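**Student:** Residues per chain are reported as follows:
Protein chains: 2
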Amino acid sequence: MDYQQKKKLLMIPGPTNVPERVLHAMTKPMINHRGNEFHDLYKNIQEKARKVFETEQNIVVLSSSGTGGVEAAISNIVKKGDNVIIPVFGEFSRRVAQYVRLIGGNPICIEAPLGSAPSFEEVKAKTEEVRKIKAFCIVYNDTSPGTKINWLDKIANVALDFNAFTIVDAVSILAGDELPMDKWGIDIVVTASQKCLAAPPGLAILGISEKATKYVMKNEIHLEYFNLAKYIEYSNLRKETPYTPAVPLFYALDEALSLVLEEGLQRRIQRHRITAKAFYESLEAAGLKPFVKPEARSNTVISFEYPENIEDKKFRENLEKNFGVVIAGGFGELRGKIFRIGNMGEVNRYHVLTTLNAILISLSDFGLKVENEEIIQNARRTLEAV
Amino acid sequence: MDYQQKKKLLMIPGPTNVPERVLHAMTKPMINHRGNEFHDLYKNIQEKARKVFETEQNIVVLSSSGTGGVEAAISNIVKKGDNVIIPVFGEFSRRVAQYVRLIGGNPICIEAPLGSAPSFEEVKAKTEEVRKIKAFCIVYNDTSPGTKINWLDKIANVALDFNAFTIVDAVSILAGDELPMDKWGIDIVVTASQKCLAAPPGLAILGISEKATKYVMKNEIHLEYFNLAKYIEYSNLRKETPYTPAVPLFYALDEALSLVLEEGLQRRIQRHRITAKAFYESLEAAGLKPFVKPEARSNTVISFEYPENIEDKKFRENLEKNFGVVIAGGFGELRGKIFRIGNMGEVNRYHVLTTLNAILISLSDFGLKVENEEIIQNARRTLEAV
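Keeping their order, the protein sequence lines are chains A and B.
The opening position of the first sequence corresponds to residue 48 in my numbering, with each subsequent residue numbered one higher.
The opening position of the second sequence corresponds to residue 48 in my numbering, with each subsequent residue numbered one higher.
Simulated from the structure, these hints should not be mistaken for lab results.
No false leads were mixed into what you were given.
Pairwise CB distance ranges (calculated):
1. B:Leu284 - A:Thr401: 31 to 39 Å
2. A:Leu284 - B:Glu168: 37 to 45 Å
3. A:Glu358 - B:Leu284: 18 to 26 Å
Sample of chain B residues lacking proximity to chain A, with all beta carbon distances greater than 12 Å (derived):
4. Asn130
5. Ile321
6. Tyr397
7. Ser411
8. Glu420
Owing to the predicted nature of the structure, the values given are computational and were not obtained by experimental measurement.
Yeah, the Cβ is synthetic: ideal placement off N, Cα and C, and Gly gets one too.
Make the full structure from the sequences, and use the hints.
**Tutor:** What follows is the structure, encoded as structure tokens:
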């Protein structure tokens, strides 16, 4: 099977398209993960990642998916019986609550209907009611509905009042939207390599505050591979990981982080905003309805409801077969009801226009009358700033 | 920093040198891990891995190091209070015992001095004494002293008598030495990508018997990322992994497994035997003493004691700096006392002779009189069969 011949435009919410420079970084020769070359590589990654996380605190890299990173963050902080505040507004935040329950914690869920997110006021009110709180576990951007929390900058102050930790799952958003870790006072930020960083999947990157570090280092947990104390210890002692790292993915991440810094983090975030705007404007102009309320819309995962007569699977098959454009369907109870576009990583004019063209023509194929020409011209104007 | 210019011969016990074909497989374009291309890729990997594990049972691939794979195997079988028989004869088998203790199991250790391995009779006697046993957790080849268990073929029969599971850590040996999983009746075999399979690090591959599958599927555990039931379920339902897989490493593993099957598993094992023989013979002829007793010597990790006046760090630095050959030192209490050569993966005539040449000349550099010419000529003869 020749994968090269099947190269497609991957517009799903991760893995995302990986730039050639990043792909080819993986072909560097294998090195000893206990030797100087690896020490330099890991040090470079940490220094660059600090700039992208906007932190001066600890950075560690786990050879696992983002789920592994989130599990590590939670299980190193949350103990049996601990109260944990969790805004629940999609599949991934629901999983966080499940996981907290699984390890014996007490998840206190503030739920919002799909397509919206719990407000800051609701979360604050619940917090003041519960009072004894170990941590806030917040999915910043829930990939499953494409919904974003818009009050993350305010949570650390609340957490401080209750001496609680803030753990943020930023897997599908970091480097694609604002998240200045130190300024916002977040204790643990988790992201993954294959989303807005545009590296291949397989690594979880964690920013860990001094406060969280202190707690984690004196803490006993029943996990080995996800014991963060070991990652911090090995990193501080000699820029190594406790267990054999996925070296080629470290090469790729190093290169991907260089690309982020070459572009500039703020410019990158701005680019994501503009491409998101082009998607939202154009698809609304085509008569489609965004699934998420305006105040909770994500710039990195864009979800739209299907018009009544369009069948999800057929629509996406048409896109992939005829245009080589791959987008995602809905998750769980949203299956068949929405489609989702990953607006992540290297997403630029070409990605947006190609995807829009494909979607607009497909809408016609399925019998919808759409002003393709005008919509695309408007999108081009919006995208001029990219 | 230009890693290309620093290409070295990596003769450590993993990661090992990765063939170009395997490295370049990683540059294939990113694919949707919930789409047909990934389904085909995973199916191919499983089919090929079954041939290498010599099993017709379940194969799953975790995006983690070998340690993660071993943790997954143990934590999905061993519960609080369970008796677990563990031969302890090096750092990695010691860690298995620690981990069993960490999760509340009761490790029953049969220890052997470093450089030897517990005998089958000792293990059997202890088993008959304890009687109530949940599992045997056996490190087939302990990488830290370079010591191998030579009775693994007999353990399943004992386990059967006590209705116990057999879990084998074969990280540093599978595909480099005999381990016919089904024939020997092992329940879970764990290996990693970066050892004898000669793929890059970052994946753990597990063979899981029907008996273990049945147990795992109805079992509740407090882990998410290492919950094997999910891996088996997703694999059976649609050839997916429950969490985003490290796609480039899957490409690489697929290619690496093809190379194993193109060579033929038995020929590959035979090649490892011959290159190991050349190492042992030649270094003994140079006056060095193998660290491990003859009956417990490994074909994949070869360890020798340092002569009195040779300092580990200086010796290995000399090898790396002058010859570009990287070997490993000792681990834990063996630090400074032994050096270890990884005889794994694509190891061939060139690797052995280059490494031997470098070592022999370095021995002279450090004042040892060595018959280089004769030793190398003998090694060449031994290696003719490769």
